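Single-letter residue listing:
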Amino acid sequence: MALVLTEEQSMLRDSARGLVSDKAPVSHLRHLRDSKDPTGFSKEFWHSFAEMGFAGLLVPEEFGGSGLGYVEAGIVMEEIGRTLMPSPFLATSVVAASALNRGGNAAQKSDYLPKIASGSLLATLAIDEGAKHRPLQTSLQAVRAGNGFKLSGAKALVVDGHVADLLIVAARTAGSAGERDGLTLFLVNPKAKGVAIERTIMVDAHNAARIELANVEVNADSVLGEVDQGAALLDGVLDIGRGAVAAEMVGLSEEVFGRTVEYLKNRKQFGKLIGEFQALQHRAAELYVDIEITRAATMKALQALDADVAKAASAVAVAKARAGTTATRAVQEGVQMHGGMGMTDQFDIGFFMKRARVCEELFGDANYHTEQLARARGY
Amino acid sequence: MSESKTSDTETADLEQFRNEMRAWLEANCPPEMRKPATSDADVFWGGRNAKFSSEPQRTWFERMRDKGWTVPDWPKEYGGGGLSAAEHKVLRAEMGRIGARPPLSSFGIWMLGPALLKYGNDAQKKEHLPKIAAGEIRWCQGYSEPNAGSDLASLQTRAESDGDDFVITGQKIWTSYANYADWIFCLVRTDPAAKKHDGISFILFDMTSKGVTTKPILLISGYSPFCETFFDGVRVPKSHVVGTVNRGWDVAKYLLQHERAMISGMGERGVGRPLGQIAADSVGTDALGRLDDAMLRGKIASFDVDEAALAACAERAVDLAKAGQAHPAFSSAMKYYGTELNKRRYEILMSAGGVDALEWESERSRQGARPRAWLRTKANSIEGGTTEVMLGIVAKRILNLPGA
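In the order they appear, the protein sequences are chains E and C. Each residue of the first sequence is one higher than the one before, counting from 1 in the numbering used here. Each residue of the second sequence is one higher than the one before, counting from 1 in the numbering used here.
I should point out that these hints are in silico values taken from the structure, not numbers from a laboratory. No experiment lies behind these values; they were computed from the predicted model shown. Incorrect hints may have been included.
[Said to hold, decoys possible] Derived DEER-like restraints, expressed as beta-carbon distance ranges: (1) E/GLU262 x C/LYS253: 26 to 34 Å; (2) E/ASN367 x C/GLU10: 39 to 47 Å; (3) E/PHE347 x C/ASP122: 42 to 50 Å; (4) C/GLY99 x E/ASP345: 36 to 44 Å; (5) C/GLY211 x E/GLU262: 49 to 57 Å; (6) E/THR6 x C/ILE98: 26 to 34 Å.
From the three backbone atoms N, C-alpha and C, an ideal C-beta is built for every residue, glycine too.
Let the sequences and hints guide you as you build the complete structure.
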């Protein structure tokens, strides 16, 4: 498949860009932050997103969605990355929708997917426990109790965890931390007894929570996929999330780079435009090439996910690793080349730096994914 | 393919083409030609004095030539395969899948051919392209001069008009394999009074012409892939000018885009054993079976990430060109990154090889193949435009940053 957008995909990009840049430019994020908005995103805008068919983009048509693919999801993520719009799209429409669609039984799918598509249900995956993303280290315990399970443990960096109507919790039903066998995914009602949710205000002013579960009772119908055999489902869902975050980082990188190049063409020092200085020209050129290469690697990964999620792991690792190093470089150069202005809160560049840092940790950083590639290649 | 076809039938046609291609390659590519080239003798360059280093090399070349697949996307009338961009991509992918070597390596294919297809007249195309496709004539490139390196357009080799001929006098340097080449495509100054980009012509001539001499230059690798090339009153018919007299810079730049694309693709990308496993062979592994040098392992893994990402970008560059969305200067971006990456590969290979990679003259080391290749890669970011020149082109032509 060609690594360029089709006509339909270009149209999708244009409509997503129009909507996001019109209704949710960076000033939208700034307003949510400064007004200490209790939800941290615009519910009204989320509904127009749903009306456009974006909330159910990955949901099959039989459940009221658009039935599109991961390349299309990446297109929307990229536009979200350009304006840093806080949106349930990643947690609900990409990660949770994929988990339900790939792992859910008929009842689970028909219970939740139509509500995701209509924008009326927010859902999220609760995976990380320690400081770093280590899915196999999951130790949140699920012990059998009667017809169901009791869940106890803690999760961090649960995206949109403070507003979610449904938690998808990775838990250990057997084995010990580090083992592949013994992982199970559960659908948990955040209002269930024993669930404590603490909204965490993050550096990037996006939405996340810490969640504690103390003997939370769930019935057997709450298992998503198979008991003890959740690792494969989790791998696929996480890879889909990684591809989406990589796409967000491509959009973020390109936007911050575009703003920086504009600055180089307008700022004068020593009687010259600073963009005339070769020291800055070469760094800008290197960054441009980095972004182009990362864009291609990300498209490759999203296409690989569309072809077969189970075989996309290496392409996704390459994309997420590259997206991490490229976005980090882009925001650092963005602040440095904007000089003192880049350090001010009044200027938008800092928002990009903060979001890039969170995206880097989401679903594994560049070191994590570089390590995964080394293991996959047997050295 | 007709435009009325739906993309579904196009995809089906392409899949059928892939299956046929796979079967043909399986039946026709000798097993010996499915391994990476490890020495100069493994590469077939063609030319009047060409010799095959083995029978499989001959067989493979002749079979591919007869299909037109030494130049798969050139028109059939010039000895090409007449493949569409999509079919060409499939052929490359299928050759890559079995690790098939290119049957013919040639500056005629990579550089002159594309320039002739765009700027050559009918007579020139009919004369030269089929001989390039068939590997009959080996070409060299007369671009750089002792005082015109990065600043190529300041070249001084002059061509003076004399009736129907130009008489060429001057010196070129870094002429790759000039001592083996049959013909040269050469930049000469035909109007010394004009501004430096405006008085240059692109001309072709036979290296056996009277007045041409070559002198190999010994490099740090111990090899002499480059020559000094001297022209002392070489007489060349004016009909050998490609494009318009004094507009040779247009041809030169177009050809450079192809040269840069070629150099960015150097290095045995994704072929053979993973670099990390090659390193593990010499360095050893720890109790978990991992390369027993954590820092080196990290460098290799980062290299692998970047290499895979660059491969995707190279693929995308072809797709963008096909879709008419490519920036003409993008080959400079690829040239910069590809050559820096290839230098990284060889720094890693030297580090991984340790003491064993230091032998210069022994059977064991195949006459120092690895250190010599390592030193050779240092030229990658100089030849065809330095990394610094490439970054300058990206800054000015793609990013439109100010300044001359």
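Hints versus structure:
For the pair E/GLU262 and C/LYS253, the beta carbons lie near 28 Å from each other, so the given range of 26 to 34 Å is met. Judged by the Cβ atoms, the range 39 to 47 Å given for E/ASN367 and C/GLU10 holds: they are separated by roughly 42 Å. At roughly 60 Å, the beta carbons of E/PHE347 and C/ASP122 sit outside the given window of 42 to 50 Å. Range check, C/GLY99 to E/ASP345: about 55 Å between beta-carbon atoms, so the 36 to 44 Å window is missed.
Between C/GLY211 and E/GLU262, the C-beta spacing of about 54 Å keeps the proposed range 49 to 57 Å intact. Remark: the range hint 26 to 34 Å for E/THR6 to C/ILE98 is upheld by a beta-carbon distance near 30 Å.
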